[in-house]
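**Q** Quick mapping for you: the protein sequence lines, in order, are chains A and B.
Each residue of the first sequence is one higher than the one before, starting from 1 at the first, in the working numbering.
Each residue of the second sequence is one higher than the one before, starting from 1 at the first, in the working numbering.
None of these hints come from the bench; they were simulated from the model.
Zero decoy hints are in this set.
Covered stretches of chain B (in silico footprint by chain A; criterion: 3 or more residues with CB under 8 angstroms from a CB of chain A, positions within the stretch not fixed):
#, region
1, 192-206
2, 209-219
If you anchor each label on the Cβ, the simulated ranges turn out as follows:
#, chain 1, residue 1, chain 2, residue 2, range
3, B, Val146, A, Asp271, 48 to 58 angstroms
4, B, Leu293, A, Pro108, 55 to 65 angstroms
5, A, Gly239, B, Ile34, 53 to 63 angstroms
6, B, Lys22, A, Gln62, 25 to 35 angstroms
7, B, Ala135, A, Thr143, 32 to 42 angstroms
8, A, Lys80, B, Lys22, 31 to 41 angstroms
9, B, Val101, A, Glu95, 46 to 56 angstroms
10, A, Glu358, B, Leu267, 24 to 34 angstroms
11, A, Glu95, B, Arg167, 46 to 56 angstroms
12, B, Ala135, A, Asp471, 38 to 48 angstroms
13, A, Glu189, B, Lys22, 50 to 60 angstroms
14, A, Asp241, B, Leu267, 44 to 54 angstroms
15, B, Leu267, A, Lys316, 38 to 48 angstroms
16, B, Gly113, A, Asp216, 56 to 66 angstroms
Please read all numbers here as calculations on a predicted model, not as lab measurements.
For every residue, glycine included, the Cβ atom is placed at its ideal position computed from N, Cα and C.
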Amino acid sequence: MADKLLEMKNISKSFPGVQALSEVDFNVDKGEVHALVGENGAGKSTLMKVLTGIHPDYEKGQIFYKGEEVRFKNPAEAQKAGLAIIHQELELIPELTVAENVFLGREPGRGWINRKKLKADTKKIFEELGIEININKKIKHLTIGKQQMVEIARAISQDAEIIAMDEPTSSLSQQEVKILFALIQDLKEEGIAVIYISHQLEEIFEICDRVTVLRDGYKVKEQAVADINRDEIVRQMVGRDVEDRFPDFKINDGKPIFQVKNLSVPDLITDVSFEVRKGEIFGLAGLMGAGRSEIARAIYGVYKNRSGDIYLEGKKLNIKSPGDAIDRGIYYLTENRKDEGLIPELSVGENMSLSILEQLTIVKSVISKRKEKNLVKEFISKLDIRTPGPWQLVKNLSGGNQQKVILSRVLSTNPKLIIMDEPTRGIDVGAKHEIYKLMEELAAEGVAIIFISSELPEILNLTSRVGVIYDGRLQSIIDGSEVTQEKIMNLATGGSS
Amino acid sequence: MEDATIEQSTKYKEFILQFLDKFKAGIGLLALVIVMSFLSDRFLTLPNMLNIFRQVSIMGIMAVGMTMVIIAQGIDLSVGSILALSGAVTAGMMAGDTSIVLAVLIGLAVGTGLGLFNGLMISKAKLPDFIVTLAMMSIARGLTLVYTGGRPISGFDPVFRSIGGGRVGRVPIPAIIFAVILVIGYLVLTKTTFGRYIYAVGGNQKAARLAGINTDRIKIMVYAISGLLSAASGVILTSRLNSAQPTAGVAYELDVIAMVVLGGTSLIGGKGSVGGTLIGALIIGVLNNSLNLLGVASFYQEVAKGLVILVAVLLDSLQHRD
Ligand SMILES: Nc1ncnc2c1ncn2[C@@H]1O[C@H](COP(=O)(O)OP(=O)(O)OP(=O)(O)O)[C@@H](O)[C@H]1O
Ligand SMILES: [Mg+2]
Chain A
1 MADKLLEMKN ISKSFPGVQA LSEVDFNVDK GEVHALVGEN GAGKSTLMKV
51 LTGIHPDYEK GQIFYKGEEV RFKNPAEAQK AGLAIIHQEL ELIPELTVAE
101 NVFLGREPGR GWINRKKLKA DTKKIFEELG IEININKKIK HLTIGKQQMV
151 EIARAISQDA EIIAMDEPTS SLSQQEVKIL FALIQDLKEE GIAVIYISHQ
201 LEEIFEICDR VTVLRDGYKV KEQAVADINR DEIVRQMVGR DVEDRFPDFK
251 INDGKPIFQV KNLSVPDLIT DVSFEVRKGE IFGLAGLMGA GRSEIARAIY
301 GVYKNRSGDI YLEGKKLNIK SPGDAIDRGI YYLTENRKDE GLIPELSVGE
351 NMSLSILEQL TIVKSVISKR KEKNLVKEFI SKLDIRTPGP WQLVKNLSGG
401 NQQKVILSRV LSTNPKLIIM DEPTRGIDVG AKHEIYKLME ELAAEGVAII
451 FISSELPEIL NLTSRVGVIY DGRLQSIIDG SEVTQEKIMN LATGGSS
Chain B
1 MEDATIEQST KYKEFILQFL DKFKAGIGLL ALVIVMSFLS DRFLTLPNML
51 NIFRQVSIMG IMAVGMTMVI IAQGIDLSVG SILALSGAVT AGMMAGDTSI
101 VLAVLIGLAV GTGLGLFNGL MISKAKLPDF IVTLAMMSIA RGLTLVYTGG
151 RPISGFDPVF RSIGGGRVGR VPIPAIIFAV ILVIGYLVLT KTTFGRYIYA
201 VGGNQKAARL AGINTDRIKI MVYAISGLLS AASGVILTSR LNSAQPTAGV
251 AYELDVIAMV VLGGTSLIGG KGSVGGTLIG ALIIGVLNNS LNLLGVASFY
301 QEVAKGLVIL VAVLLDSLQH RD
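Required output: the full structure, derived from the provided sequences and hints.
**A** The following block contains the structure:
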């Protein structure tokens, strides 16, 4: 019964067809880091949105903040009272600069913006955080990791007493994660409370004091982190034991079916050559910004000024656009789900069928609702997608389920080569292992997979060979039997192993 | 028990709210019709209703094209000028003894060509849609003045005049053409792959491209369709007036965009429907008709129309503010 800063009692919130929260209790003390965990769709983000006035229309429950009952009607009110939130899906304005975004709605100066002070203040914040960033750059020109840091800076700069962080590390580099954790320590010492949402359970043990587990909209339990272990948290989240292990590693000695030779894109990647075997999971490791995604995009026909050759099943391919790539049997699953994956105003079903719509027709160009429905149903059950129905707008699904929708879009085209760019980002433990299993199954069917991930354990355990990228170049390819974390890190930072 | 009923009633409320949200344009139209039927006994008569439908058909046809453009996250300001040029070219061809069919086809081709040009500039040259179509508005108007020498081209064959002035039974032919185009527009948007791609491109162009859609092609086609339908309106208007006016269609783009927006199509793109546009067109039509019947002076009519649009958009944004 220390300093109870926030008390949410009996909160219920529903959306059409979904009971997102059922009588949830949630407490935060002054200066604590309180983890909120649960599977995709458990209601974590919704609880934070209820708290910060984004969903003021919750049906039931009360919120006490500093001993007084509150009901914030909009985010601005919550912000004024000292509640800041870093959203799971970044809410920055792409056309504005870093500085303009950090102080959006709170610009210094009266009537007109005092640009000098705006820049100076922004600079100071980033200096204190120890983050190198060009504050005059437009958001759209930053990597997602950097954008995330801008969100964090914005929350910090609000002099908040509670900062809710909804999956803040999902697109940060290891370096950036370290910075964030140091920052959370500082906040704690200043008595600021942090609500920390993450699917990386290791992080919970590293920085959190207490953890509340949600499952299907219900609160399962609240406990001190010291009193619990990882397996127990997982059990509470999922409601049963899960197989939390990587599938057995298999050596692949299939025939090469995919090759790139001397792939280059000016300023992005230089002279990259490698091959992938039939049924192989080939890893691409490297730091954020090293050029892994750029290699994938170059293969996928995104860049007009690409040079070099691409071969699939011995045939040289002339890929000029993503459409060409898909037609030839290559699909790229983007790392940037919100900006480049989802069509938010279309339904779950419409998002899934987008890439093979031409095949789901009665006569040319006329969509067969029946064929489309069958496909959508098949994938909803195959990937266990939690949605009240195919008609639900995809923007209303939880992050993990959105990822499964995009994955369905990829699989629907029966590709021969899939390039997966951070496919498990923002995905819960259970679903992560479903995706690993799916990758294994695809590989067993002979599909070649290029797997880009910043989580080294994934790379180490799933791939049979790993190419390490540094500064747009393929440094070296390490065989699965010899690969270690140290080797990868050494190559990824420019060393030679 | 008590909680259950509360939850029940909030669900109920939610359902009603959703219903109102979905059909609010239609409800607005209905309210307008009911009020007017009390204010004027000439309003709710079949001839007047057909009259309204005929009056809105010219802009309504353009609004179907505009709906597609706006769903694809674009805007087309050149529709009024394209209407004028296509009408003038058709008229000029007929004056030069070209057959009616060929003249009309050439008129339609001109409109489609200009729309195609808009689309190419926007998708391939990556210029802003607002600027490109604003420029086209000026170019097409200028070409119309050059082509006509600034004078109307008048006096056509009765067969041609029947396009805009004729009736089948009691139904005006322009209204029939409008209805057919509405149905085609509806089918294209809801039943075809092309229609689905329009929503996808408007909803998230980057994602659509990565999903394999030829986004440039979709954009070009949408502008070409807008050009084609503007040209069709030009032909009908020329026929109805028995004259191609060099200043025909000035400021039409505003009413056309208003129809689309009143119908619930979002200027942000990715959302909207032809059904909504029909309602939007009828609201504008009923409003014009009512103000006429009530004897409101035409200058005030403009003000009234502007206010209605403002209120409608205001209601919409209040509802979606969060
Ligand atoms: N605006 C909305 N409209 C309809 N349903 C919604 C909306 N927002 C969330 N939901 C639903 O509410 C449930 C809880 O979603 P929420 O986003 O809170 O999950 P989460 O725990 O944050 O999951 P994740 O880990 O995937 O981010 C899900 O079933 C989701 O589909
Ligand atoms: Mg979430």
